[in-house]
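Those protein sequence lines, which keep their order, are chains S and U.
Each residue of the first sequence is one higher than the one before, starting from 249 at the first, in this note's numbering.
Each residue of the second sequence is one higher than the one before, starting from 2 at the first, in this note's numbering.
Simulated from the structure, these hints should not be mistaken for lab results.
Using 27 Å as the maximum straight-line C-alpha spacing, the simulated DSS-like pairs for lysine-lysine come out as follows:
1. S:LYS479 <-> U:LYS193
2. S:LYS474 <-> U:LYS193
3. S:LYS458 <-> S:LYS474
4. S:LYS420 <-> S:LYS458
5. S:LYS479 <-> S:LYS458
Read off the chains here:
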Amino acid sequence: MITILETAPLNTVQDCGRPGYRNLGVGCSGVMDMLALQAGNILLENQPDDACIELQTFPFLLRFDASVSFAVTGIDADMDLDGQTLLPWSAVTAAAGQTLRIGPPRTGARGYLCVAGGVDVPVILGSRSTQLRGGFGGLSGRFLEAGDTLGIRPGGAVCAGYAVLPPSVALKNGNDAETSGVMTLRFIPATDYQLFTEQSRVLFQNCEWKITPQSNRVGYRLSGDKLQLTKPVELRSYGIVPGIVQVPPAGEPIVQMADANTAGGYPRIATVIEADLWRLAQARIGSRIRFQECSYEEGVDAMRPVEDWLENMRLMVSRYRNSSIRRESGKSGGKK
Amino acid sequence: MVLSRGCTGKTVTGPYILNDDMTDIQERSISLSGQKTGPVGDEAPIISMIGTRAMLFEAPGDFTMAHQRRIWALIEAAESRSDVQELVPGVTNLMLVFTTPPKDPEQIAAWLHHAWDTLPERHIEGRLFEVGVQYGGELGEDLHRVAEHAGLTPEEVISIHHGNEYTVCAIGSAPGFGYLHGLDPRIATPRKSVPSLHMLAGTVTIGGMQAGISALTGPNGWNSIGFTEITLFDPMKEPPALFAIGDRIRFYPESIVL
Chain S
249 MITILETAPL NTVQDCGRPG YRNLGVGCSG VMDMLALQAG NILLENQPDD
299 ACIELQTFPF LLRFDASVSF AVTGIDADMD LDGQTLLPWS AVTAAAGQTL
349 RIGPPRTGAR GYLCVAGGVD VPVILGSRST QLRGGFGGLS GRFLEAGDTL
399 GIRPGGAVCA GYAVLPPSVA LKNGNDAETS GVMTLRFIPA TDYQLFTEQS
449 RVLFQNCEWK ITPQSNRVGY RLSGDKLQLT KPVELRSYGI VPGIVQVPPA
499 GEPIVQMADA NTAGGYPRIA TVIEADLWRL AQARIGSRIR FQECSYEEGV
549 DAMRPVEDWL ENMRLMVSRY RNSSIRRESG KSGGKK
Chain U
2 MVLSRGCTGK TVTGPYILND DMTDIQERSI SLSGQKTGPV GDEAPIISMI
52 GTRAMLFEAP GDFTMAHQRR IWALIEAAES RSDVQELVPG VTNLMLVFTT
102 PPKDPEQIAA WLHHAWDTLP ERHIEGRLFE VGVQYGGELG EDLHRVAEHA
152 GLTPEEVISI HHGNEYTVCA IGSAPGFGYL HGLDPRIATP RKSVPSLHML
202 AGTVTIGGMQ AGISALTGPN GWNSIGFTEI TLFDPMKEPP ALFAIGDRIR
252 FYPESIVL
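Construct the entire structure; sequences and hints are all you get.
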């Protein structure tokens, strides 16, 4: 069991999300940064869909009430276990009673506390993710609070002593121009792209968009310039998925994220490709982004390095664990 | 990325429009602002990719039950596809979410086109819900605004509102929220420019040409004309949503406060 000792609002239990219920008006939810959850679950030999705690506010303090292995992914931050400094993206085993403190991130915006076995909350409509709007899933459908306790599913592996490179390093591409401080996100033009003026289409790619404080798990509101349609359109409610970029009448785009509603009605200019959504999930309020067009094929191919990175990680973790198990059994004089 | 084919079936122009041209899109923006709908095949649907894993099919023409029934037929056909993870019906449109990015989106678009052109309307024998409404009062505070906009008395608005039978076209936007067809155009009222910040779940509403019952408590730009006690969504129930597509709703006044 875990006891939350200190937390601000906005931190929730999430897993890979709740697909399959959009036709009932239930959004997908799930972690904003899927790579961070996948990496954490691989580090701990969990199932890919095991639930974690998504941290959006810091510091976060918790006590492990029983010995358990864990990993903090998604961010680089000061963190310690009973005063002992820890590395992010690494597997660590806590003893019963130890306290983990996770400070504000140095890089990234959302941290993921994964535990071996996964966080145990009831599965509702196929997922443990918190559905804030509907008020269900996760822990009673709400943000975590100090004093909350969370169960951990039994049977988790015992892991420690290894780490992985964060995707910001491992998946660095030509688009990550660190010096300019502007994150580039690739997009595929969406349904109404051609309904925008040519100037607006150019502007969409040339503008450095700022992520406004009105940004959260539902969507990011951007500011920078005004995009205009050649003439007004009245759209009927249509289904939306995370990554879709809509332009309300005021002209400043909104990127829908993990807690997106299932339906929308604003003109759609673009969709950020799935392979870049984790980057956006780690972009902070106030930071700047730029959109770069790609083809459908490029959008599909962009997932390959992500999948290779995860597959390679699976392989490395299992090799490391097998060899360390052999060493352990060697030390204790052969098989039990 | 727009995949839809124009009426001539001719292919290509430009990098994003694979086999459509500007003409169709222009026509579409006109048709969306309420032009007459021709018989089948007069206008082509618009099919576009939303990223790499979702495809949106949008029917041409007006929001009619005939069109919505053809969307329902499309749902049934698409349910048999093994590559589909989720089907999300909207108002005269359908989003397909795939388990993995399709290798050949154009081929699926062609399949959708063919299904749209050939499938008959799907009639769903939905259940009839009789929903008692407390009209007006604090929980229906926009009743007077609607009446004023319509140039009618509040009594007339109420009687027109419960005079029609409504059909659930699609569920979406919030858990269990039904998009209803059947609002009498006389009481259609634009959404409010300043939304109510704390509208209760169960509020009976009018938003433009649509009637609704709000599913969640929270900010809402639709006009409230009354309130009902029914719960539209319970995640612990099976099925969790009270309404399903094809269900019919009749409102009746439980009480009226003017």
